[in-house]
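Asks: Here the structure of chain E is known, so what remains is to put chain Z in place on it, guided by the hints.
Chains E and Z, in that order, give the protein sequences.
Its first residue numbered 0, the first sequence is counted upward by one per residue in numbering that gives the first Met the number 0.
Its first residue numbered 0, the second sequence is counted upward by one per residue in numbering that gives the first Met the number 0.
Note that these hints are calculated values from the structure, not bench results.
Treat each hint with caution, since some may be false.
A few chain Z residues that don't get close to chain E, going by computed Cβ distances all over 10 Å [said to hold, decoys possible]: (1) V31; (2) T72; (3) A163; (4) P513.
Which stretches of chain E does chain Z cover? Using the computed rule of at least three CB atoms under 8 Å from a CB of chain Z, they are [unchecked claim]: (5) 140-154; (6) 197-207.
Quick caveat: nothing in here was measured; it's all calculated off a predicted structure.
Quick reminder that beta carbons are idealized off the backbone N, C-alpha and C, glycines included.
Take a look at the letters that make up each chain.
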Amino acid sequence: MNPATAASPTAKSGSRTHTSVTCPFCSLLCDDLEVTNRGGSLGVTAGDCARARGGFERDYASLSPQMDGRDVSMDQAVAAAARLLRGARHPLYGGLGTDVAGMRGLLALADRTGGIVDHMLGDTMYRNILAMQDRGWIMTTMTEVRNRADVVIFANLDAVSDHPRFFERNIWNAESMFGLATKSRRIVYLGEGLNTRPGVSPDGRKPLHLRNEPERLGELIGALRALLAGQSLQARTVAGVKVAELTKLLGIMKGAKYGVIIWSPPRLPFASADLVVEAICDLVKELNAQTRFSGFALGGNEGILTAGAVCTWQSGYQLRTDFAAGYPEFDPTRNATARLLADDDVDLLLWTSTFLTGQTPPETKAPTVLLAPPLRGLDTRCAVYIPVGTPGVDHRGQMCRVDNVVSLPLHQVRESALPSVAGVCNLLLQSL
Amino acid sequence: MLIKLTGGTVYDPMHGVDGQVRDIYVRDGRVVSSPPADQRIDEEYDLRGKVVMAGAIDPHSHIGGGKVNIARTLLPEDHRPHPIPRTALTRSGTGRAAPSSITTGYRYAEMGYTAVFEPAMLPANSRQAHMELADTPIIDKGAYVMLGSDDYLLRMMAAGKTQAEINDYIAYTIVAAQAVAVKVVNPGGISAFKFNQRNLDLDEKNSYYGVTPRQILQTLARGVKELGIPHPLHIHGCNLGVPGNVQTTLDTITGVEGLPIHLTHIQFHSYGTEGDKKFSSGAAQIAEAINRHKHVSADVGQIMFGQTVTASGDNMAQFRNRGFATPNKWVCMDIECDAGCGVVPFRYRDQNFVNALQWAIGLEIFLLVEDPWRVFLTTDHPNGAPFTSYPHLIRLLMDKSFRDANFERLHPEAQAMSTLKSVQREYSLYEIAIMTRAAPSRSLGLGDRGHLGVGAAADITVYTPHGDRERMFEKPDYVFKDGTPVARNGRIVRVTDGGTHTLRPGFDKAVLKPLRAYFEQFHTMRLENFCVSDEEIVNDGRGRIIVNQLRAGSRG
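Only chain E is shown next, with the shape it has when bound in the complex (with noise of 0.2 Å):
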């Protein structure tokens, strides 16, 4: 007996409804949409987002598997993509966009193969994960971000370009479990380049914005640990920030029952930016000193954070872990696939991508095997083409939140020919 699993869909002359259905084509992994199935093709018609729309509503072409462009069956293209496999030396298990079940299966393939994984925004994790593993920090959910947090920062992001859902279902929702009064919470932006109309509270209070220069995060955290510190400073302004309003601000975070601040590793995009995520963290625990206050970081869609959990628990380490010693190697710089394919450094890329983008896998001389959802006006001009399901909807399976701690069961929305990733995995790792 289990008494709450996922409701069933209801039918209505030729169309079937499912509701609370996982989104997986955003980091927040919403649960609440409910998806219209007429004949095959979705409609989202609650809880929608442009990022769920363009995911569920895309159509497919009838792509057949291929191989250097002409068709074949599926036996065809799995024993081609075998025979690569077995040859290679080296091969990169690269995009990682899947499920769990999918990058359990690629796990699988890399260990076989001695083979290297990293995902398609491997970059911007290791914003998140150098400085994690060079400190540490303190960290909180959406669930407490939604009831509790009661000041917000945003550094460097609106978050509703890359999570369009966010205001809506963490900081503007109707009702909280503490009596915090939501419409109350104090917003702040950092940086330039925002859409900041989210911020405005829906009494009509408006955000602080501190029009800092983007990539000088790091000297407008420094100087916020400066002054809570105690210590004076000389400049007048920081990062093109001033100093008073520096000031302001740490007041308000000082003042602050629960504040989170926010940050977003592809919101980031310069030099050592894992040292400005350090200097949030420690800003953050030094904070808590007297009261308390989380970070809380944005990003990782298209399942890089699934991708890493498996990766973690299987093999000790997170993502850019190489398996060719024959036991799992970890390096962050020497596993990046930008500087494997420069260097020639694999004989072998197999390219997984599922979910909204990056299905174009990058250049290179290697040979290529993509494993990707039959879209309209895909290039699959590659060694092996196999078309695969989007998981959450041609067939279930499990993701994992943005906040690291929350997973989520994905649902099958339409009945779908296609295999799933971790299928495909298992032919391979029987062909081999």
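Replies: For chain Z alone, coordinates are given in the frame of chain E:
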């Protein structure tokens, strides 16, 4: 297929068998009675001169779930010196204090363990915990779901809901999270920390809910008993690691009104404040209290010297201890208005007064608690030490001269503060079999595990007796899992997938409606997606659900 294990010296405390020479027959994964003389034996193992026990059971080891994966991520330096190469049979892996999940399964099986229980599964993180446990091969698994700082329970208590209503919620959570027991960590304290309370004593109120740890302990312990959950409430008490917490622990024992409780890693909760350094052993008082109160069981959480990492749901305590982080990095998390976690790397040193005394306190408790049915062998992996140190720990318990030799290497002032050397007791093989097999099985209600009677699951471990008990327990000759030989001389010979122990306590379905509304109102996931389905555990046939019996007389 009929297997005969011939002539081994059997230790099976569940049936009072203490070192008797017996033949054991196994068919289809179960122990069967001796067949007729003309029955063909398909496979025979000559175990004359060998020691035979049921597969060992670890009732408290942090092997899967978010905080373990945080520990793995945080510590590549734990993994680099400990690579585990792939073989034709086994997958590669790494690690010692926070090993990879696949390696964890192999290491336990190689040591003769056939079931391990993750003791701190946050409801919000239960799906990931099960996903990691699913990737932990060979051994059976189970998890204790953490309650006591979750908003729903605390708001029910604050609103004066009845025990029956709370029991429905506890039962629902056990089923939804696919748990086999209930754990409480720093009752109410993880929540209090989020409201900026830095300590929470047994009778101190959580500033928001006005509820005290004592009330939470009583409510949960009563609920667990009334629901017929076999394992008593698994308690990580208040004030972990704080000198003087021996009094808190004694008050906890007497404060639950005779309800069954299990005090976990009690070593960390047995500290006095005597002596120059205001840190002393409370082991004698704790052991005396356990001996007197038959409703109490404990596991020790023995520490061992060397590098490890502490991973706990108790972020209040972990934040307090952050200054001890070695290497100097640590993680704390507030989680989903449900729980929290803290990960602090730690190096215990025998020349550090406090660490040395912690080591002695753990052993004092082991040796002063008289009833091995009520004290289980744990290091609270990885918090006291990695689980791979169990053979060493067994030798410390079984061999006084070895224990004394180790004791004499401790910080001299710690030696002066401990009575350990005056304790003569040496554990027998029978007692080791109780504390590592029979007792955890009985406590958790595992039924056909932890013993070798007819009908038992054929989880069997075979050792070559050796004067050096560490050597003996390190690499068993044979390990059988459900009748299949999985390890030989400490090496994996067959990789299987274990099952997941669960319970199905009954509850009034009326609990679902307000819970569903509560999730939609406040949470960031829906109730139906919170629930871990059977399908997810079964995982296309790789996993298996074992539903254990509730205690007789319960309403399940």
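Asks: Confirm or reject each hint.
Replies: Checked hints:
1. V31: It holds; Z:V31 is separated from chain E by about 31 Å at its closest Cβ, greater than 10 Å.
2. T72: Incorrect as stated: the minimum Cβ-Cβ distance to chain E is 5 Å, not above 10 Å.
3. A163: Z:A163 is indeed farther than 10 Å from all Cβ atoms of chain E, at 18 Å.
4. P513: At about 13 Å from chain E, Z:P513 clears the 10 Å cut-off, so the statement holds.
5. 140-154: This one holds; 7 residues, not fewer than the three required, reach chain Z with a Cβ under 8 Å.
6. 197-207: As far as the segment 197-207 of chain E goes, the hint is violated, because 0 residues have Cβ atoms under 8 Å from chain Z.
Taken one by one, the earlier hints fail for this structure at numbers 2 and 6, listed in ascending order.
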